[in-house]
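*Asks:* Using my numbering, the letters of the sequence shown map in sequence onto residues -17 to 263.
No wet-lab data here; the hints were simulated from the structure.
C-beta atoms are modelled at their ideal positions from N, C-alpha and C, and glycine is treated no differently.
Wrong hints could be hidden among the right ones.
[Said to hold, decoys possible] Subject to a maximum C-alpha distance of 25 angstroms in a straight line, what follows is the list of computed DSS-like cross-link-like pairs (lysine-lysine):
no.: 1; residue 1: K177; residue 2: K133
no.: 2; residue 1: K176; residue 2: K263
no.: 3; residue 1: K263; residue 2: K122
no.: 4; residue 1: K133; residue 2: K252
no.: 5; residue 1: K199; residue 2: K133
no.: 6; residue 1: K252; residue 2: K263
no.: 7; residue 1: K215; residue 2: K199
no.: 8; residue 1: K215; residue 2: K263
no.: 9; residue 1: K236; residue 2: K252
no.: 10; residue 1: K263; residue 2: K199
no.: 11; residue 1: K236; residue 2: K263
no.: 12; residue 1: K199; residue 2: K177
no.: 13; residue 1: K199; residue 2: K122
no.: 14; residue 1: K263; residue 2: K177
no.: 15; residue 1: K236; residue 2: K215
no.: 16; residue 1: K215; residue 2: K205
no.: 17; residue 1: K205; residue 2: K122
no.: 18; residue 1: K133; residue 2: K122
[Claimed, not checked] Label-pair distances were calculated between CB atoms; the ranges are:
no.: 19; residue 1: G84; residue 2: P119; range: 27 to 35 angstroms
no.: 20; residue 1: D99; residue 2: M208; range: 32 to 40 angstroms
no.: 21; residue 1: Q26; residue 2: E125; range: 16 to 24 angstroms
no.: 22; residue 1: D127; residue 2: E183; range: 16 to 24 angstroms
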Amino acid sequence: MKKLILLLAITLIWGCSQANESDNETAVKKQVAETTQAVKQDLQEKVDKEVKEAVVEQTAEAQEQAQEVVEQVVEQAAEQVDDHTGHNHPISTAATSDYQAGIHYNVITPAWDTGRDDVVIYEFFSYMCAHCNSFQPYMKRLEADLPDGVKVQRVPVVFYPQWRPHAQAFYTFEAMNLLDQVHAPFFAAIHQHKKQFRNIEDVADWVAGSFNVDRDKFLSTAKSFMVDGQIRKGMQMMQAMNITSTPTLVVNGKYTPNREQMRSRDDVIKVAETLALQEAK
């Protein structure tokens, strides 16, 4: 009898043990399934976000490129009409002393305090902007023609989150004395070679491989408080001077050429240079 009771007890204990093991196995399977589902959902959200950002970025770039082509065609057509009809655009006929506020240029109110003794021409731009890319030869000529006491200062704008790494890149180039060497090639990498820089790490890989720059030093500079502060100040300037498109020139924080009245980019440069020289007197 005692043996029978002992046998029954052992059987019950074994049965409970099996039941607990089965319960534990079920719980583990459930936890694994839940974890797997959570990981899948997280990955899907990240993929969806990256796809959405890529679509927005490519759409914006395509729109800018299409608009640039249209502007170039219109500019060429206007020049041909002028050649055949002798008609001159208001900007072309105006003597430099006749440039008028509200017509040839707009006045920024209140003016932005540049905090500088010299005269500055701000160029609000983005490396992602196709117009800014094609505008660079004009800016190069402008800088070459400016007298002492008049300087160009570039301000990278961040209209979209995808443009932030490019603003980071600009200020990092500047901080590491790379700007003269890298500015034009970075534009070319994006617009001629169609290279995509989705984050600052991508830029670091490119600049390290192309210009033998220390990648870690580049990244530490790009992620510094100094660069972050410069980006924030640039956004503040953009808002204060009501910058809504690129490229936009602002003379000494006061005036911006009225591009709607311009026949060509040369006219934009001419008005900006004239206003800067007047400010320098």
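*Asks:* Are the hints correct? Go through all of them and say.
*Replies:* Hint check results:
{"no.": "1", "hint": "K177 with K133", "verdict": "violated, 31 angstroms"}
{"no.": "2", "hint": "K176 with K263", "verdict": "violated, 44 angstroms"}
{"no.": "3", "hint": "K263 with K122", "verdict": "holds, 23 angstroms"}
{"no.": "4", "hint": "K133 with K252", "verdict": "holds, 15 angstroms"}
{"no.": "5", "hint": "K199 with K133", "verdict": "violated, 29 angstroms"}
{"no.": "6", "hint": "K252 with K263", "verdict": "holds, 17 angstroms"}
{"no.": "7", "hint": "K215 with K199", "verdict": "holds, 23 angstroms"}
{"no.": "8", "hint": "K215 with K263", "verdict": "violated, 28 angstroms"}
{"no.": "9", "hint": "K236 with K252", "verdict": "holds, 16 angstroms"}
{"no.": "10", "hint": "K263 with K199", "verdict": "violated, 43 angstroms"}
{"no.": "11", "hint": "K236 with K263", "verdict": "holds, 15 angstroms"}
{"no.": "12", "hint": "K199 with K177", "verdict": "holds, 22 angstroms"}
{"no.": "13", "hint": "K199 with K122", "verdict": "violated, 29 angstroms"}
{"no.": "14", "hint": "K263 with K177", "verdict": "violated, 44 angstroms"}
{"no.": "15", "hint": "K236 with K215", "verdict": "holds, 18 angstroms"}
{"no.": "16", "hint": "K215 with K205", "verdict": "holds, 16 angstroms"}
{"no.": "17", "hint": "K205 with K122", "verdict": "violated, 29 angstroms"}
{"no.": "18", "hint": "K133 with K122", "verdict": "holds, 12 angstroms"}
{"no.": "19", "hint": "G84 with P119: 27 to 35 angstroms", "verdict": "holds, 29 angstroms"}
{"no.": "20", "hint": "D99 with M208: 32 to 40 angstroms", "verdict": "violated, 23 angstroms"}
{"no.": "21", "hint": "Q26 with E125: 16 to 24 angstroms", "verdict": "violated, 49 angstroms"}
{"no.": "22", "hint": "D127 with E183: 16 to 24 angstroms", "verdict": "violated, 38 angstroms"}
When the structure is compared with the earlier hints, violations turn up for hints 1, 2, 5, 8, 10, 13, 14, 17, 20, 21 and 22 and for no others.
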